[in-house]
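Undergrad: So the protein lines, in turn, are chains A, B, C and D.
Count the first sequence with my numbering and you get residues 84 to 418, in order.
Count the second sequence with my numbering and you get residues 84 to 418, in order.
Count the third sequence with my numbering and you get residues 7 to 333, in order.
Count the fourth sequence with my numbering and you get residues 7 to 333, in order.
Source of the hints: derived by calculation from the structure; they are not laboratory data.
Incorrect hints may appear among the rest.
List time: in silico BS3-like cross-link candidates among lysine-lysine, alpha-carbon distance up to 27 Å [said to hold, decoys possible]:
| no. | chain 1 | residue 1 | chain 2 | residue 2 |
| --- | --- | --- | --- | --- |
| 1 | B | K222 | C | K53 |
| 2 | B | K222 | C | K112 |
| 3 | D | K292 | B | K193 |
| 4 | D | K112 | A | K142 |
| 5 | C | K327 | D | K204 |
| 6 | D | K53 | B | K264 |
| 7 | D | K112 | A | K222 |
| 8 | C | K327 | D | K326 |
| 9 | C | K326 | D | K204 |
| 10 | C | K250 | D | K292 |
| 11 | B | K222 | A | K272 |
| 12 | D | K320 | C | K327 |
| 13 | C | K196 | D | K292 |
| 14 | D | K326 | C | K326 |
| 15 | A | K222 | D | K53 |
| 16 | B | K344 | D | K180 |
| 17 | C | K326 | D | K250 |
| 18 | D | K196 | C | K292 |
| 19 | D | K327 | C | K327 |
| 20 | D | K320 | C | K250 |
| 21 | C | K250 | D | K327 |
| 22 | B | K272 | D | K53 |
| 23 | B | K252 | C | K53 |
| 24 | C | K204 | D | K326 |
| 25 | A | K222 | B | K272 |
| 26 | D | K327 | C | K204 |
| 27 | A | K252 | B | K272 |
| 28 | D | K250 | D | K196 |
| 29 | B | K193 | A | K310 |
| 30 | C | K112 | B | K142 |
| 31 | D | K292 | C | K112 |
| 32 | C | K326 | D | K327 |
| 33 | D | K53 | A | K252 |
| 34 | D | K112 | A | K193 |
| 35 | B | K252 | A | K272 |
Reference listing, derived: stretches of chain B covered by chain D, where coverage requires no fewer than 3 residues with Cβ under 8 Å from a Cβ of chain D [what the hints assert, rightly or not]:
| no. | stretch |
| --- | --- |
| 36 | 173 to 183 |
| 37 | 187 to 197 |
| 38 | 203 to 209 |
| 39 | 219 to 226 |
| 40 | 231 to 238 |
For glycine and all other residues, C-beta sits at the position ideal for the given N, C-alpha and C.
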Amino acid sequence: MENRKSAKELRVIAEGIRLVTLQELEGFGSGHIGGSMSIVETLAVLYGGELRCDPGNPKWEERDRLVLSKGHAGPALYATLSLRGFFPKEMLSELNQGGGHLPSHCDRNKTPGVDMTTGSLGQGISAAIGIALGNRMNKSDSITYLIIGDGECNEGQVWEGAMFAAAHKLSNLIAFVDWNKQQLDGFTKDILDVGDLADKFRAFGWFVQKVDGHDVGAILDAVAAAKEHEGAPSMIVLDTIKGYGTFAAGVEGNHHMSFTKDQMDEAVKKTAEKLEEARAAAAAEEAARRAAAAAEEAVKKAAEPPEEQPPEKQEEPAEKAEEDEAPAEEGEDNV
Amino acid sequence: MENRKSAKELRVIAEGIRLVTLQELEGFGSGHIGGSMSIVETLAVLYGGELRCDPGNPKWEERDRLVLSKGHAGPALYATLSLRGFFPKEMLSELNQGGGHLPSHCDRNKTPGVDMTTGSLGQGISAAIGIALGNRMNKSDSITYLIIGDGECNEGQVWEGAMFAAAHKLSNLIAFVDWNKQQLDGFTKDILDVGDLADKFRAFGWFVQKVDGHDVGAILDAVAAAKEHEGAPSMIVLDTIKGYGTFAAGVEGNHHMSFTKDQMDEAVKKTAEKLEEARAAAAAEEAARRAAAAAEEAVKKAAEPPEEQPPEKQEEPAEKAEEDEAPAEEGEDNV
Amino acid sequence: MFKVCDTFVKSPTLMRDTYCKALMDLAAENDDIVALDADLVSSSGMKPFFSAYPDRAINVGIAEANMIGIAAGLSVVGKIPFAHSFGCFATRKTCDQVMISAAYAKLNVKILGSDPGVTAAYNGGTHMPFEDMGVMRSIPEITLIELTDPVMVQDIVRQVADIYGVHYLRMARKNATAVYEAGSSFEIGKGNVLLEGKDVTIIASGIMVSEALKAAQSLKNDRISARVVDMFTWKPIDQELVEKCARETRAIVTAENHNVVGGLGSAVSEAVVRTSPVPVEMVGVKDRFGQVGTEEYLKNEYGLTAAEIVDAVKRVLPRKKRGLFSF
Amino acid sequence: MFKVCDTFVKSPTLMRDTYCKALMDLAAENDDIVALDADLVSSSGMKPFFSAYPDRAINVGIAEANMIGIAAGLSVVGKIPFAHSFGCFATRKTCDQVMISAAYAKLNVKILGSDPGVTAAYNGGTHMPFEDMGVMRSIPEITLIELTDPVMVQDIVRQVADIYGVHYLRMARKNATAVYEAGSSFEIGKGNVLLEGKDVTIIASGIMVSEALKAAQSLKNDRISARVVDMFTWKPIDQELVEKCARETRAIVTAENHNVVGGLGSAVSEAVVRTSPVPVEMVGVKDRFGQVGTEEYLKNEYGLTAAEIVDAVKRVLPRKKRGLFSF
Ligand SMILES: Cc1ncc(C[n+]2csc(CCOP(=O)(O)OP(=O)(O)O)c2C)c(N)n1
Ligand SMILES: Cc1ncc(C[n+]2csc(CCOP(=O)(O)OP(=O)(O)O)c2C)c(N)n1
Ligand SMILES: [Mg+2]
Ligand SMILES: [Mg+2]
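Build the full structure now, drawing on both the sequences and the hints.
TA: Below is the structure:
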């Protein structure tokens, strides 16, 4: 828990991801903006620290995995991976370019840091199950994360996987469903009403939590609770808005969009402002935290005799500070 | 309601179906006895009167339909159809014969009275939905019945159909799931635990009832309630025993079985006895009913002046009696 | 009867708009026409149909297998369902349903698979079917058609609605090079000889038809006379025409926007070897996966060009038999 | 190296028992071997494996698509999954998963489809895959193998475990006619010449291999010398051997327990027409659906017999070219 970033810090990361994703899409002129924007906060929580990985060694065996089953949201993941240092920012211009590293749908063989090839909806859950099952066989403590779409839940394979994962008590599988209420042709309630997804996964035997999918703190807490939970796979239902934070938010036809320069300039500007606000808030929080820590330290030193534990304990905050800085720096690089 | 058969009458039909199915399987020497035996009571209720059909005109457009999605239970349906007069009893010996009319899995092009081709598990629900939807478009009041297996519920297509039928409020679709707790390789809880199927279909938006699947009266009531229910498809969860009423009941490996002559002789004998008991019970009930009716009639005649309605009203019981006799006769033919 | 356009210009109408219009015309005449889609109405261009006939238009959501099963069920009660998804999903996700609920059950189901091969462009490898026809081809009794241009769409959709059985149509959604003059009509199961020629026959389909015509033009400069056939029906293949071309030109080049393994080249080979074995060169995708890119980029990447056809012709010609020919 | 048995007796061991034994031997050596099944362990004969290695044996229930996806996921973390279902479901229900999660993702997944064609016998048309290889054949880079007898099962299963990639194996579950002597070994991608001959080559697979050998014997009486090839790898097809046979015998008959449309006959035709077009006759299922019956009944019904091969040879021989042969 102590290693976890604060909500304010994650907010910085999220706005950074949103900004870079928009710039990436801007470069191409159109794209899957809706489904990319709605998972930004979740990616911030995962790559902000919850998902164990090593950007310098993307194939590190001990890493956690993410299967982005709604593979069309690749642009958001690519932005995240580049911010996290998996590949240089310049590569983002390869989005959808013939022969490039960033195809429209996620491809494990093309992009450093992408763990599974997806794009045919419904398939990701099974792959994630296989990975989680394999890790269990290998006695690895690695966690497998999975993100699926709400429209994707129309696919029967999602329920085949749901039934299996529960029957096999795959507690090392933590899934998110991006409940953004829209699929390709329109609102899910008009196309194929998925009803209450939390209810459905609960009936299928999952440990289900429902959170505001744009509230990094809520997502963070849910992931923590999911990690704690034993004996069942976890489903975190993300209550989100498709296209969140941009001109695409909740509008019709926001699945795959072309946009005008004005629209995009405006969105970029707004997001950059939000990023600045988030940074200020995080910095204030950090300053306050340091002040408090220094005060506490002073009190402790005055009151207690030296122990064996403190040195190690002290290292932790130091590590944390380092980690904290990294994404901020990356964010700056990329603004 | 008044046209409905009594539970005692349906019991006679059920034992008749069980007996003839056993004889049919006996002829071949092995077969899908488990899944055939568990749906006998449901078939008795449907072909005992709930399912509108005309054995003389199997392709009658106004008929109700049955999609037996667990198509390997064909032998039970074939026995039922022959008892109901769709084809001569002799044809039952064609079970699994090359070039014959009764393949191991149901085939709409081979067997009179079979409404849909099945055998690849999971597909029946979609076909049934299509039929129900088409009937709704055609403004027909025909009802589509569907029987699926509990193991079959592993298939994602079942849940694709479940989500669709609820979203489209297909109340002209009445489905049964044969919750016999076993699939091919063993008990569902050991192979792939389906958990509480009633819960799952409820979470998917269906009107769900759970009944003892060997209690014809309970099934009858559930079908009646399903017909009444508006705005949602119906799922009747049949609590059954695979292989019910025979040596195969609930034992391991009862999905597809070979059997000894002794085993089968014993099962046939036991079922024939049950049939006799059921007949006696039904006859007693009928006698009591007639006596009561005669008494009531006498009282009425004595007390009331003639009205306009009575002649029609009187016809109904007559019709009913006729219908009642038919299956009994067929049963006798086939014992 | 058909007439070939002599210009290589893009059709003014999009394939999908013609498809939608054709189905709407049919629906106006026949109450039994039903349209189904799997959350790709925005792509299939069927919005006008869905607006005009809401009671006969069903968006099943992202559930292609269920869609085909529902289509089969609808046809049980006399409906004539036309179901659409991208070609990759319309086949790979539904193979068992097309086989059992539709074909084996002998029902009447029409399937449109859009975005064949490189026309999937930016949707990339997961969405780029070089295998859809191959997946379907071993299903008995099914009819497989690739639609060349809007004029053919217009005519074939109408025919397919009238002919009982399972039909899979493969079609680019957007604009195609116009190959036929308006009002042309076509016979399912018969290839169209677009250009006569005596040295070689180019048997092409879909976007490769106009490439074949271009190739034939350029071959003329080399004094090579190439016959061009639009083999829009892949199954049943026009056995008679293939044999005739083999006999008369003694060499064949096939051209398809599909894997040559199991595709048109394969179907033509099966037909050729029966009675009239002649050398065949195949232009098409050589057992590779799809990827993102513009259609032009991809055509070059996979060798789906007139230049590639010309090369294939030049490779096949020296292998023609010069001696006694006994079939 | 392999040796051919000269008797046509049924193997004493069932194919499935050999399969299970082979996998158990592998599992004993290699912790990464994992078996998956979709509620057909009783059929696949894998019960001993499931008992011996409960932690590496997964019965996914009746959910074939999920099974293949899980297999792909397992291979992401280094496992070597062998997944089984009946051939019909192992292909038709999983086509999209095999294509994307396994092949396109370049993972390491082994699939066994049992009960090919008429060996499905009493399970009838829904369960009788005459199309499984056709469905898979257009998927790039996949290896397709039909296992002839237990001796081959033993050897190939081991090889397939060692070779990274997607392999689909097609195999009758019960007893097969013994074709190879114990200890024979095989090279994937190379056809086995079982019998030399100069007038015609019979290229067969699966249950048709022994029929081909019988046909060759009976053709001897008519002084026809038939070469017999067991083309157990359908993809990649042994291009070199097909060309050699075409050149040397100038006529080919294919024999398969599969639809000739898109099947082995098709793969051989594709290979033949490239450089060595010779007449090919195909023995196999002629675009028909399956049905119930004994294997014997069905072999006659669909013409999958030595007699049918003999007829095909007699049809193809007169069409051999007598004149100058220029390839
Ligand atoms: C099997 C399959 N069918 C159809 C598509 C085309 N498609 C891509 S995205 C999409 C809509 C997805 O909706 P949802 O899962 O809700 O994703 P999100 O709203 O997060 O974008 C569709 C239909 C696909 N990729 N895969
Ligand atoms: C798609 C598919 N996979 C596998 C099979 C083989 N199979 C036939 S019956 C059966 C078990 C069915 O179990 P359940 O649905 O519970 O039926 P019941 O217990 O009523 O017999 C299996 C696996 C099949 N027919 N279809
Ligand atoms: Mg959505
Ligand atoms: Mg069961």
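Undergrad: Determine for every hint whether it applies to the structure shown.
TA: Consistency of the hints with the structure:
The hinted pair formed by K222(B) and K53(C) meets the criterion: a straight-line CA distance of about 25 Å does not exceed 27 Å. The straight-line distance between the Cα atoms of K222(B) and K112(C) is roughly 25 Å, inside the 27 Å bound, and the hint therefore holds. Note on K292(D) and K193(B): the hinted pairing holds, with a Cα-Cα distance of about 21 Å set against a maximum of 27 Å. Proposed proximity of K112(D) and K142(A) is supported: the alpha carbons are some 15 Å apart, at most 27 Å.
Of the supplied pair hints, the one linking K327(C) and K204(D) holds, its CA atoms being roughly 22 Å apart against a limit of 27 Å. Pair hint K53(D) plus K264(B) holds up; C-alpha atoms about 20 Å apart against a cutoff of 27 Å. About 25 Å separates the Cα atoms of K112(D) and K222(A), which keeps this hinted pair within 27 Å; it holds. A hinted pair counts as satisfied when its Cα atoms are at most 27 Å apart, and K327(C) with K326(D) qualifies at roughly 14 Å.
A threshold of 27 Å between alpha carbons decides the hint, and for K326(C) with K204(D) the separation of about 24 Å falls inside it, so the pair holds. Restraint check: the Cα-Cα separation between K250(C) and K292(D) comes to about 22 Å, which is no more than 27 Å; the hinted pair holds. Restraint check for K222(B) and K272(A): the C-alpha separation of about 25 Å stays at or below 27 Å, so the hint holds. Of the supplied pair hints, the one linking K320(D) and K327(C) holds, its CA atoms being roughly 24 Å apart against a limit of 27 Å.
Using a Cα cut-off of 27 Å, the hinted pair K196(C) and K292(D) holds, with the two alpha carbons roughly 20 Å apart. Only pairs whose Cα atoms come within 27 Å are accepted, and K326(D) paired with K326(C) is accepted, the gap being roughly 16 Å. Between K222(A) and K53(D), the direct Cα distance comes to roughly 25 Å. Compliance with the 27 Å bound is thereby established for this hinted pair. Straight-line distance between C-alpha atoms of K344(B) and K180(D) comes to about 25 Å, which keeps the hinted pair within the 27 Å bound.
Taking the CA atoms of K326(C) and K250(D), the gap is near 18 Å; set against the 27 Å cutoff, the hint holds. Proximity of K196(D) to K292(C) is assessed by CA-CA distance (about 20 Å); at most 27 Å being required, the pair is judged to hold. The hinted pair formed by K327(D) and K327(C) meets the criterion: a straight-line CA distance of about 11 Å does not exceed 27 Å. Of the pairs offered as hints, the one joining K320(D) and K250(C) holds, with about 24 Å between alpha carbons and a cut-off of 27 Å not exceeded.
A distance of roughly 18 Å separates the Cα atoms of K250(C) and K327(D); the hinted pair therefore holds under the 27 Å criterion. With a CA separation close to 18 Å, the supplied pair K272(B) and K53(D) stays within the 27 Å bound. Taking the CA atoms of K252(B) and K53(C), the gap is near 23 Å; set against the 27 Å cutoff, the hint holds. Distance restraint check for K204(C) and K326(D): the Cα-Cα separation of roughly 24 Å lies within the 27 Å cut-off, and the hinted pair is therefore satisfied.
The suggested pairing of K222(A) with K272(B) holds, with an alpha-carbon distance near 25 Å, which does not exceed 27 Å. Proposed proximity of K327(D) and K204(C) is supported: the alpha carbons are some 22 Å apart, at most 27 Å. Taking the CA atoms of K252(A) and K272(B), the gap is near 13 Å; set against the 27 Å cutoff, the hint holds. About 12 Å separates the Cα atoms of K250(D) and K196(D), which keeps this hinted pair within 27 Å; it holds.
Pair hint K193(B) plus K310(A) does not hold up; C-alpha atoms about 55 Å apart against a cutoff of 27 Å. Between K112(C) and K142(B), the direct Cα distance comes to roughly 15 Å. Compliance with the 27 Å bound is thereby established for this hinted pair. Proximity of K292(D) to K112(C) is assessed by CA-CA distance (about 17 Å); at most 27 Å being required, the pair is judged to hold. This hinted pair checks out: K326(C) and K327(D) have alpha carbons roughly 14 Å apart, not beyond 27 Å.
For a cut-off of 27 Å, the pair hint linking K53(D) to K252(A) stands: about 23 Å separates their Cα positions. Distance check on the hinted pair: K112(D) and K193(A) sit about 11 Å apart at the alpha-carbon level, within 27 Å; holds. Restraint check for K252(B) and K272(A): satisfied, since their Cα atoms lie roughly 13 Å apart, inside the 27 Å limit. Under the rule that three or more residues need a Cβ within less than 8 Å of chain D, the assignment of the stretch 173 to 183 of chain B holds, with 5 such residues.
Only residues whose beta carbon comes within less than 8 Å of a beta carbon in chain D count, and the stretch 187 to 197 of chain B has 3; three or more means the coverage holds. Under the rule that three or more residues need a Cβ within less than 8 Å of chain D, the assignment of the stretch 203 to 209 of chain B holds, with 3 such residues. Given as covered by chain D, the stretch 219 to 226 of chain B fails the check, having 0 residues with a CB less than 8 Å from a CB of that chain where 3 are the minimum. Counting residues of the stretch 231 to 238 of chain B whose beta carbon lies closer than 8 Å to any beta carbon of chain D gives 4, which meets the minimum of three for the stated coverage.
In the structure shown, a violation is registered for the earlier hints numbered 29, 39, in ascending order.
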